[in-house]
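*Asks:* Listed below are the residues making up each chain.
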Amino acid sequence: MITVTDLTKRYARTTAVDHISFSVSKGQIVGFLGPNGAGKTTTMRMLTCFFPPTSGKATVAGFDVFEHPLEVKKRIGYLPEAPPLYIEMETIEYLRFVGRLKGLAGADLEKRVDYVCDRCAIADVKNKLLGKLSKGYRQRVGLAQAIIHNPDVLILDEPTAGLDPKQIIETRELIRSLAGDHTIILSTHILPEVEQTCEQVIIIDKGKLVATDSVQNLQARARGVESMLVEVAPRTGNLVTVVVQQRLAKIAGVSSVVLKEERGRGSVFEVESDQGKLVRGDLARAIVESGWDLNELRPSAMSLEEIFLELTGSDAAAAERKSDQPGEPATSKDAKPEAPEAEA
Amino acid sequence: MRNIWIICRRELSSYFASPIAWLLLTMYSIIFGFIFWNFVAEFVKQGMEMEMMGQMGPMNINEQVIRPLLGTSSFLGLFMVPLISMRLFAEEKRNGTIELLATSPVRDSEIILGKWLAATLLYCWIVLYACISFVFLFRYGNPDWKPMLVTLLGVFLQGAALLAIGAFISTLTKNQIIAGALTFGACLLLWVFSWVSSYNSATWAQMLSYMAVITHFDTFDRGLLSSKDAIYYLSVIFLGLFFTARSMESLRWRS
Chain A
264 MITVTDLTKR YARTTAVDHI SFSVSKGQIV GFLGPNGAGK TTTMRMLTCF
314 FPPTSGKATV AGFDVFEHPL EVKKRIGYLP EAPPLYIEME TIEYLRFVGR
364 LKGLAGADLE KRVDYVCDRC AIADVKNKLL GKLSKGYRQR VGLAQAIIHN
414 PDVLILDEPT AGLDPKQIIE TRELIRSLAG DHTIILSTHI LPEVEQTCEQ
464 VIIIDKGKLV ATDSVQNLQA RARGVESMLV EVAPRTGNLV TVVVQQRLAK
514 IAGVSSVVLK EERGRGSVFE VESDQGKLVR GDLARAIVES GWDLNELRPS
564 AMSLEEIFLE LTGSDAAAAE RKSDQPGEPA TSKDAKPEAP EAEA
Chain B
13 MRNIWIICRR ELSSYFASPI AWLLLTMYSI IFGFIFWNFV AEFVKQGMEM
63 EMMGQMGPMN INEQVIRPLL GTSSFLGLFM VPLISMRLFA EEKRNGTIEL
113 LATSPVRDSE IILGKWLAAT LLYCWIVLYA CISFVFLFRY GNPDWKPMLV
163 TLLGVFLQGA ALLAIGAFIS TLTKNQIIAG ALTFGACLLL WVFSWVSSYN
213 SATWAQMLSY MAVITHFDTF DRGLLSSKDA IYYLSVIFLG LFFTARSMES
263 LRWRS
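In the order they appear, the protein sequences are chains A and B. Each residue of the first sequence is one higher than the one before, starting from 264 at the first, in our numbering. Each residue of the second sequence is one higher than the one before, starting from 13 at the first, in our numbering.
Rather than coming from a laboratory, the hints here were simulated on the basis of the structure. One should not assume that every hint holds.
Pulled from the structure, derived: some chain B residues nowhere near chain A, Cβ distances all over 10 Å [said to hold, decoys possible]:
hint : residue
1    : I19
2    : T109
3    : L112
4    : I189
5    : W216
Simulated restraints on C-beta separations [claimed, not checked]:
hint : chain 1 : residue 1 : chain 2 : residue 2 : range
6    : A       : D377      : B       : Y152      : 51 to 59 Å
7    : A       : G300      : B       : C136      : 42 to 50 Å
8    : B       : S262      : A       : T266      : 23 to 31 Å
9    : A       : E436      : B       : L165      : 58 to 66 Å
10   : A       : S397      : B       : F148      : 48 to 56 Å
11   : A       : D444      : B       : F254      : 37 to 45 Å
12   : A       : G394      : B       : S238      : 26 to 34 Å
13   : B       : F254      : A       : Q479      : 51 to 59 Å
14   : B       : F150      : A       : S397      : 48 to 56 Å
15   : B       : G59       : A       : G394      : 49 to 57 Å
16   : A       : H331      : B       : M13       : 16 to 24 Å
17   : A       : A368      : B       : F150      : 39 to 47 Å
18   : A       : N299      : B       : S262      : 25 to 33 Å
19   : B       : L165      : A       : K429      : 56 to 64 Å
All C-beta atoms, glycine included, are put in the ideal place defined by N, C-alpha and C.
Make the full structure from the sequences, and use the hints.
*Replies:* Structure representation (C-alpha cells):
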C-alpha cells in the first residue's frame with residue numbers, strides 16, 4: 264500500500280530524513296517510532312504530499328507522491344500533530360466542509376458525516392464551535408476529519424498527544440477498530456502505545472531508519488534468551504537463596520539464575536534459558552518438589568522501551584542494562600544489523 | 013471550479029462568523045453615509061443659493077454627489093483592503109489548517125482563487141451595501157445610472173487588484189498584524205505613486221505614476237469605460253495571484 268525508497272528531506276542546514284526505505288502492506292497498523300525531532304513528522308508530510316522529498320521515491324496506493332499528488336491526496340486521510348480545525352466553525356459545518364473538499368457531495372456527504380460523528384463519538388458536540396471544544400474532542404474531530412472520505416491510508420501524527428489516560432485508551436481503541444478497512448501509519452514517541460496498537464514498528468532516529476519489524480519479532484530479536492522472573496518462598500523457616508539458585512541451575516536448558524530481589528519472605532530470581540526451550544514446567548515442578556512455594560512465575564519480556572533505547576543507542580539506560588546483564592551485548596549487536604550508525 | 017466555490021464559501025462564512033465582516037460593514041456604512049450626507053447637503057445648499065441669486069448655473073447630481081462620493085469610497089477601500097486580506101493565509105498558517113488544505117485533493121490555484129474570490133465578494137458586498145444611500149438620489153432626483161455603474165466597476169476592480177496583492181502578502185507571514193501592516197503600506201504606496209507625475213515628467217516618473225492604482229481609477233470615476241485601465245487592474249490581479257501561487261509553492265519547498 265505504501266512503499267518508500269531512499270526517501271530524503273534536506274532543509275537548509277539539516278537533513279531531517281536520510282535515505283529511509285520501508286513498505287507497509289494493506290490493512291496493517293504501523294507504528295512510526297522515534298524521539299522528538301527524529302523526522303517522523305517530516306516523513307509523514309512527504310507521504311501526504313504536504314511537501315515534496317528532496318530525493319527518493321514514495322508511492323501510496325500505487326501513485327507517486329511527486330508525480331500524482333492529487334491521486335495520492337484522494338486516498339489519504341491525515342491528522343497532523345495539531346488537529347487542523349477552524350475555530351470559528353461548528354463541528355458539523357467543519358466536517359461537511361472537509362467532506363466536500365475531499366470530493367463528497369449530497370446524500371453521500373451527509374451519510375459519511377453521520378457515520379464519522381458516530382464512529383468518533385462526537386455526535387454530542389455537532390453544533391458546538393470547534394474553538395470551544397476540549398482537547399479530547401478536538402483530537403476526535405481531527406480523526407473524524409481524516410476518515411470522512413473513507414481513505415485507503417490513514418496517517419496520524421501523534422494521535423494521543425495531550426490526552427488524558429481515559430481518552431488515550433478510547434483513541435487507541437478507535438484506531439485499532441479502524442484497521443482492516445484502512446492502512447494506518449501512526450507516529451508516536453510513547454512506546455507502550457506501539458506495543459498496544461501496532462502490528463509493525465518502524466523506528467527512526469536522527470532521520471535514519473533504525474529498525475523495521477513486527478512488534479513480536481523486535482522483542483524477540485533484542486534478546487537471544489528467554490528470561491523468567493520466579494518468586495520462591497519457603498514453606499517454613501528461612502530460605503537459603505544459594506540452595507535455590509543451585510537447584511534451579513540444575514534444570515536442563517537453564518543458563519543462569521540471578522537473585523534479583525528479596526521481598527519479605529519470598530525471593531525473586533531471574534532465570535534465563537536458551538531460546539526455544541520451554542523450562543517453565545520444569546521450574547515449577549523443581550520448586551514445588553523441593554518443598555518451597557512458587558509465588559510467581561512470569562516471563563520478563565523486554566519492553567519496547569528497552570529495545571528502543573538499545574536501538575537508538577547513546578542512552579544511559581541502555582548502557583546500564585548492558586552492564587548488568589552479561590548476556591546482552593552479544594544479542595543487542597545482533598539486533599542492529601541494519602543500523603551500525605546507531606551505535607555512535 | 014467546484015473546489016474554488018467550496019473554499020470561497022467557507023472563507024465567506026468565516027468572515028461573517030468572526031466579527032470582522034460585520035465590523036467593516038458597519039464602519040464603512042457609517043463613514044460612507046456621513047460623507048453622502050455632506051455632499052448632498054452641500055449640493056442642496058448650493059442649489060438654493062443659486063436660486064436665490066437668480067442664476068441658472070448647471071447643477072449635476074452625478075458630477076457633484078455621486079462622482080466625488082465613489083471617489084472617496086475608492087480611497088476608503090485602501091483602508092479596508094488590508095483588514096480583509098490580512099487573514100487569508102496568515103491565519104491558516106498560524107492555526108495549522110493550511111496542512112488540511114495542502115493535503116486535500118485540491119490544487120493550490122483553486123485554494124488561492126477561492127480565497128481571493130471570497131475577499132473580493134466581501135469587499136464588493138460592503139461597497140454595495142453602503143450604496144443603498146443612492147436610493148434617495150433616485151427617489152428625489154434624476155441621476156444618470158450608467159456612469160455610476162462604470163465608477164462602481166472601477167471601485168470593484170481596484171479593490172480586487174489590491175486584494176490580490178494583499179493575498180500575496182498574507183502568504184509571507186504567520187502574523188496577521190504584519191500582513192495587514194505590509195498590505196496597508198503597499199496600498200498607500202500605490203496611491204502616492206501618482207503624485208510624482210505632477211512635478212516631474214521624466215520617463216521613470218511617468219512609469220511610477222502609471223503603476224499607481226489611483227491613476228487608473230480616474231477614468232472610471234469620470235464614467236468612462238476604458239479598456240486600457242481595466243487591463244491594468246486585471247493584470248495587477250493576475251500578477252498578485254501569480255505571486256501568491258509561487259509563494260505557496262515555495263512554502264512547500266522550504267518548510
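*Asks:* Would you pick out the hints that fail for this structure and give their numbers low to high?
*Replies:* 1, 2, 3 and 12
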